[in-house]
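Heads up: the protein sequence lines correspond to chains P, Z, X and A, in order.
Residues in the first sequence are numbered consecutively from 388, following the numbering used here.
Residues in the second sequence are numbered consecutively from 40, following the numbering used here.
Residues in the third sequence are numbered consecutively from 4, following the numbering used here.
Residues in the fourth sequence are numbered consecutively from 11, following the numbering used here.
It cannot be assumed that every hint is accurate.
[Stated by the list, open to error] What follows is a list of derived Cβ distance ranges for each label pair:
id: 1; chain 1: P; residue 1: Gly455; chain 2: X; residue 2: Arg177; range: 19 to 25 Å
id: 2; chain 1: Z; residue 1: Ser139; chain 2: X; residue 2: Met259; range: 33 to 39 Å
id: 3; chain 1: A; residue 1: Ser555; chain 2: P; residue 2: Gly455; range: 43 to 49 Å
id: 4; chain 1: X; residue 1: Trp61; chain 2: A; residue 2: Asp39; range: 51 to 57 Å
id: 5; chain 1: X; residue 1: Ala353; chain 2: Z; residue 2: Arg81; range: 24 to 30 Å
[As the list claims (entries may be wrong)] Straight-line C-alpha distance at most 30 Å; calculated DSSO-like pairs for lysine-lysine:
id: 6; chain 1: Z; residue 1: Lys259; chain 2: X; residue 2: Lys233
id: 7; chain 1: Z; residue 1: Lys180; chain 2: Z; residue 2: Lys276
id: 8; chain 1: X; residue 1: Lys247; chain 2: A; residue 2: Lys544
id: 9; chain 1: Z; residue 1: Lys276; chain 2: X; residue 2: Lys227
id: 10; chain 1: A; residue 1: Lys289; chain 2: Z; residue 2: Lys180
id: 11; chain 1: X; residue 1: Lys421; chain 2: Z; residue 2: Lys79
id: 12; chain 1: X; residue 1: Lys220; chain 2: Z; residue 2: Lys181
id: 13; chain 1: X; residue 1: Lys244; chain 2: Z; residue 2: Lys240
id: 14; chain 1: X; residue 1: Lys227; chain 2: Z; residue 2: Lys284
[Unchecked claim] Stretches of chain X that chain Z covers, calculated by requiring three or more beta carbons in the stretch to come under 8 Å of a beta carbon on chain Z:
id: 15; region: 121–129
id: 16; region: 219–227
id: 17; region: 258–271
id: 18; region: 316–327
Don't read these hints as lab results, they were simulated from the structure.
Built from N, CA and C at the ideal position, the CB exists for glycine as well.
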Amino acid sequence: MSSSLVWYIREFARAEWIKKFLFAKTAPLVTPTHFRGFPEPTGKTCTHALFCMMACPAPGAIEVVHAGDGWMPKIHKGHCIRCGLCVEVCPNGVLKSGRIRETMGREGTSLLFSFRIAIDKDLCTGCGNCCTACPVNKQADAQMGAGGHSSNDDVIMRVQEGDIVVIHEDKCTGCKTCEVSCPNGAIRIARILEGYQQPVQEGLQ
Amino acid sequence: MRVILESKVRAKPNLPIEAEAIIPRNFLKGTDLLVYEGNKERTLSELFWIFVEGTAVSPENIEVILKGDTSRIKRVGEYMDTGSIVIEGDIGMHCGNFMSGGTIEIRGNADSWLGREMRGGTILCRGNASHYCATGYRGEKKGMQGGKVEVFGSTGDFCAEYLAGGTVHIHGSAGDFPGVEMRGGELIIEGDATRPCGNMKSGSCVILGTVHDMLPTFEKTRQRVLPEWKITADVYKGDVANRGKGTLCVRS
Amino acid sequence: MIIHDVICPFCGCLCDDLELECEGGKIIKVQNGCALAESTFMTDTRLPAPIRRTESGWEEISYNEAIKETAEILQGADRPLLYGWSSTHGEAQSVGVHIAELIGAVIDNTSTVCHGPSILAIQEVGHPGCTLGQVKNRADVIIYWGCNPIEAHPRHMSRYTTYATGFFVPDAQRERTVIVVDTRRTDTAGIADEFVQIEHGGDYAVLSALRAIVRGKASVIPAKVAGVSKEQLIRIAEICKTAKFGAIFFGLGLTMSRGKYKNIRNAIELTDELNRHTKFVISPLRGHGNVYGSNEVFTWMTGYPFAVDFARGIAFYNPGETTAVDILRRGECDAALIVASDPGANFPRAAAAHLAKIPTVVIDPHVNATTALARIHIPCTAAGIDAAGTAYRMDGVPIRLKKVIDRGYPDDAEILKKIYDRLNGGKGP
Amino acid sequence: MTEIWVKNACVIDPLNHINGEIMDIAIRDGRIVESVSDRADVIDAQRCLTLPGGIDSHTHVSGTKVNFGRYMSPEDMRAGRTKRKGKMHVTSGYYVPTTFGNSYRYSAMGYTTLLEGAMAPLEARHTHEEFTATPHQDMMANTLFDGNWAVMDAVREKDVRKTAAVVAWTLKAARGYGIKLTNPGGTEAWGFGEDLTGIHEMVPHFAVTPAEIITTMMRANELLKLPHSVHLHCNNLGKPGNYQTTLETFDIVPDLNPDRQTLYATHVQFHAYGGGTWKNICSKAEEITSSVNSRPQIVMDMGQIMFGRTMTMTADGPMEFNLHCLHHNKWSNHDVELETGSGIIPVTYSKKSAVNCIMWAIGLELALLTKNPYQCLLETDNPNGAPFVKYPEIIGLLMSKRYRDEECATLHPETEKRTSLCALERELNWHDIAVMTRAGQAKALGIVNQGKGHLGIGAEADIAIYPIRTDSVDPAREYRKVVEGFQKTRYTIKRGRVVSRDGDIIVDGANATFWVDAMVPEDLKMENDPEFIKRFEQFYTVRMSNYPVQDVYLPRGRRIETEVFT
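Extracted from the complex, chain P is given alone in its bound form (with noise of 0.2 Å):
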């Protein structure tokens, strides 16, 4: 045990190791250009859109939080997986990541968003949870929010003859308030997430 001890130190000791140790020189660590990386903020004004948040793969990755008086999104770095949907995806151009953007803006292409909002008539009581608790409702409708009576057409969906009934599926922006929302498990949110390519938008200069 001891001898082996001894050993080691002398291995360990010797001045060519600890020269070698010390001064060897390496290439630098470089980005590769096709690598995607951390999202960073181009400083355009962040809506609140949270297209990021929903079209990000990767759980607690990103949010959206208070900055200031507006809002930012907020990267973190354990959970992100680096994919850079969130920054093809925004619309407003708030994050930047590599040459995402100049690609896209080069090729034309871009993320387009949409939801489905599918109901199980046989598992919905039509209680109005849903059309109550949605945000988009409550705005478009302050009623509607205040007790599930629609005083207008703008709402996403509204209960009829006992259902829930799909009005404006467009408006929906996928937060998924009325699947949390619903007792019975009848309304699902389905995310749609489209590529296409398209002339130049200015928007993605």
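Start from chain P and add chains Z, X and A according to the hints.
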């Protein structure tokens, strides 16, 4: 004087009879009394064979004896203040309500509300008593306030609810919630009980049998030997949910 | 034709914002109503005329004949029972009370089988409550105890509590904490912030423990009470004490489980205790549309909310003795008039069986399980569909039910008045 | 055409300056006329005391909280039970009797007009339903505005016209009669379990003070030309030392109406306490009455308490909770969204309690120290101070120093030290009593021109004939006869029909309900105000169209229309 009332066979035997008129004092002036059968007023003689033996000058010497099917007769002995009543069979509800003196002996079973809001006197029930034995009325703050109720069989639920004074002694078991809302008096249960003395304010309760589902809000204080029952008991104070200062003794 | 702000008469929520589309005396579309409202308005099947049971089956009879025979049955009875009243309007209920008074009957409503125990508890300790709008505008803690509003009162949470925007609670969903207490994981539990699962029959012990904790006597409480950990109880007590406005709603899980009215009493006393720290209210989730109205009408006319016995001319009340189920189970009553309810479906078997033995008359818009036990069934209007009248919401707010269509049936209040007139020798009340 | 000829009546009719004259009264079709034909029914009053029908300007007999008082007290229903008899329905209850019980007993005492003291507009329908089951009296309902959000918003904007518009809309919706403020602002604070401690404290979240609410409402009331004045239950009810709040409140009352008071302060007994705790509570009746004596713009009622069991019920929710914390009996509370609160607890006023004895004495002091009987009306705030069946005893106490002394001898010894009742020699006369129970009440309520409270030609024939001979009874000595006499009329005539004889009801009642339809200029109508509608639909739990009381609830409604203001 002895008044024997033997119930006649009735066309509708399930109809309740309300007979608060049956108290010893009333027989001093004769047997011409009115009772209710369902929603109809009847004379006592329409419903009973009446036999009177001897005479009396004061009500305390009058003994009333009820025979036959008396299980549907309610309010016997209500507001009774003296004399005695003996019921040979079962008796209906509200026997001995508001009683303030005298003795009632029931040789059979008693229906609910035996001795409700009793003030004094003695009720002996040789059989079982149903629910709400020795209790109060809905909404009233005080139940039984004095006297003694002794049941040789078991009782139903809510025995001695709102007990405020006097003694209730159950030789058998009590159902759910005996002594609930108790605020005075003494309750003795020789058999078992479930959830005794919920929300009690004051008074004392002794249980010699097994207690099921003891409530969590009773504070165990000490052990004590109860010489009259020859047992050692755990003494609880409570109900602490209710600023209560009652005593509950349960066999250790 | 579209009728706005229609009141749904089905449950105690009495939602008053429905929109009905009617065409040619029929309702063709219901907007804003839950599934229960939808079926209330859309499936409305009735007998064409009164029917009487004969040796060989049913025969149709005229209204006059039915009324005459009903009056005769009631007139001759020694202990008639008038039961039901919860699904009709106050106007019919008050005629019912007058009949009971006139013939020395027992009159009882469906509280007997739902929130009767709550009433008994309220009679012992009172009722710190409020209208539902107070809860909507202020509450930040909501407790559902032994009830499943999702099934029984579907719109309760979206109209009055959890999800509705309130004046002081603009972001309702985030600002309100919802606690569900039950013996099983109900649908409602699925959307709760905190779910407390109690062993069967343990409600009383848990409520007592919570009261003791709120009073600063946590040291007395054992580590587990009826399956609930002491930690959770302390946490719940803390949520309640630090609430700005708390509301407890309870249902049959509390009223009809072991301990019955003592459970409610304990819950009310917990509310009382919490009011020494903050503002707290408690309310029963009343079932049938106008059951609370029957309590109100009975109370102002007789002094008692249900189970009133007029046998001796005066009004007497003692649940357990004068309640419909008990009277039937003991076989006391010898004639029954059932109005706007279905004891055949929800009474214990022994009680229902007695109804079949005695002459029973049903006055109800719909054929139901009680019809099978009855001698006569008289169809009538359905309050809130083809009859207008007063109903009381579960929180005591009176609302006028609307008549949305006319189907040509007589109002039950009219039928009852005619019965009364016959019983009273042709003189009105 | 029905005619009655009441002859040999000993009439006291203060509004027509008749004081004890023996005269005849002719009645045709419900009104008092000059003369009737010889076919008229004749009633010989045998020189007995004949007064206009009694009026109770502040009582609680109908509506949500009264009924809840009944609902929660089966034990009280065991008292006062009567069977169906002739035209009389079954009755139950002593301090919270059934509607028929209330109506029959008031009728037996000669009362023909009642004002329900507090009605929450949201639950007004309930009050009106009970009114139709209280058949022997004409009814009115004071409508609660103490915590009304729309009112508080308008007050904050210092907009009297808008305040008036909200009041007008709400009164019409509720079919109410006048403005009731119960612990103004305090009931809103109670929404979160708080209370206010003075009239200059801010109502949380609404940035108004009770003083602002009261003054703005008084101005709105007069702008709308409502028949009755603002009807106020002051802040800090039942707290030792509260007389200061009461005096501060009286100080801000302007004199705005030459025909009647500008403020009706109700149950002032509960607001006239000195000291700082229940231990050193004392009477401040002298301070209160000297304030009232110098301010003709204020009318108050006694709020007398009488010993025994009763039920307290008021919209003042926080006060009831405080009371509950002292009594530990049952407690009900019922807050009404956007409008008001309420609380109910049973109490027993006991002669063993110094506090209760002092309260009892204060009520009497108020009546005896107020110089003008038109300014202090006889009430118990039924059933808060005592059930109304105790009124005859109060009349006896006010008319007899000997009766008071005999009662005082049985009370807690502290009573004498902390009140001045024993030193008061005044004994009220028949005329004073007639004012305090009829003329003053009618004048305060503004119903004299509806034919109430007097027996002049054209008046409604509401008449009470008591079995009392004022020429032979000395009330100071024979107070028992006075008490008994006022308990049961020989005849109570309601709108020209004899409804009750010797305490028995002999006909079916046909009461009317008075309500005020206050006119506002077109541009101020709340039903056209988009902001008002929006707020309503969001924060109430009923739709605005389902809120107003439908006419069907007032089968004999009497609409009083006011003149539109500019």
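Each hint tested on the structure:
A beta carbon spacing of about 22 Å between Gly455 (chain P) and Arg177 (chain X) agrees with the range 19 to 25 Å that was offered as a hint. About 37 Å separates the C-beta atoms of Ser139 (chain Z) and Met259 (chain X), a value consistent with the hinted range of 33 to 39 Å. Taking 43 to 49 Å as the suggested C-beta distance range, the pair Ser555 (chain A) and Gly455 (chain P) conforms, at roughly 45 Å. Under the hint 51 to 57 Å, the C-beta atoms of Trp61 (chain X) and Asp39 (chain A), about 54 Å apart, fit the expected range.
Checking the proposed 24 to 30 Å range against Ala353 (chain X) and Arg81 (chain Z) shows it holds: the Cβ atoms sit about 28 Å from each other. About 18 Å separates the Cα atoms of Lys259 (chain Z) and Lys233 (chain X), which keeps this hinted pair within 30 Å; it holds. The straight-line distance between the Cα atoms of Lys180 (chain Z) and Lys276 (chain Z) is roughly 21 Å, inside the 30 Å bound, and the hint therefore holds. Of the pairs offered as hints, the one joining Lys247 (chain X) and Lys544 (chain A) holds, with about 26 Å between alpha carbons and a cut-off of 30 Å not exceeded.
Of the supplied pair hints, the one linking Lys276 (chain Z) and Lys227 (chain X) holds, its CA atoms being roughly 20 Å apart against a limit of 30 Å. In summary, the hint linking Lys289 (chain A) to Lys180 (chain Z) is supported, as the alpha carbons are separated by about 27 Å, within the 30 Å threshold. Our distance criterion of 30 Å between C-alpha atoms is met by Lys421 (chain X) and Lys79 (chain Z), whose separation comes to about 24 Å. Distance hint between Lys220 (chain X) and Lys181 (chain Z) is fulfilled; the C-alpha atoms sit about 27 Å from each other, no more than 30 Å.
For the suggested pair Lys244 (chain X) and Lys240 (chain Z), the alpha carbons sit about 24 Å apart, so the restraint of at most 30 Å is met. For the proposed pair Lys227 (chain X) and Lys284 (chain Z), the alpha carbon gap of about 24 Å is at most 30 Å, so the pair holds. Counting residues of the region 121–129 of chain X whose CB falls under 8 Å from any CB of chain Z gives 3; the rule of at least 3 is met. Using a Cβ-Cβ cut-off of 8 Å, 4 residues of the region 219–227 of chain X lie near chain Z, which meets the minimum of three, so the contact claim holds.
Note: the region 258–271 of chain X has 5 residues with beta-carbon separation from chain Z under 8 Å; the three-residue rule is met and the coverage holds. Only residues whose C-beta sits within less than 8 Å of a C-beta in chain Z count toward coverage, and the region 316–327 of chain X has 5 of them, enough to reach three; the restraint holds.
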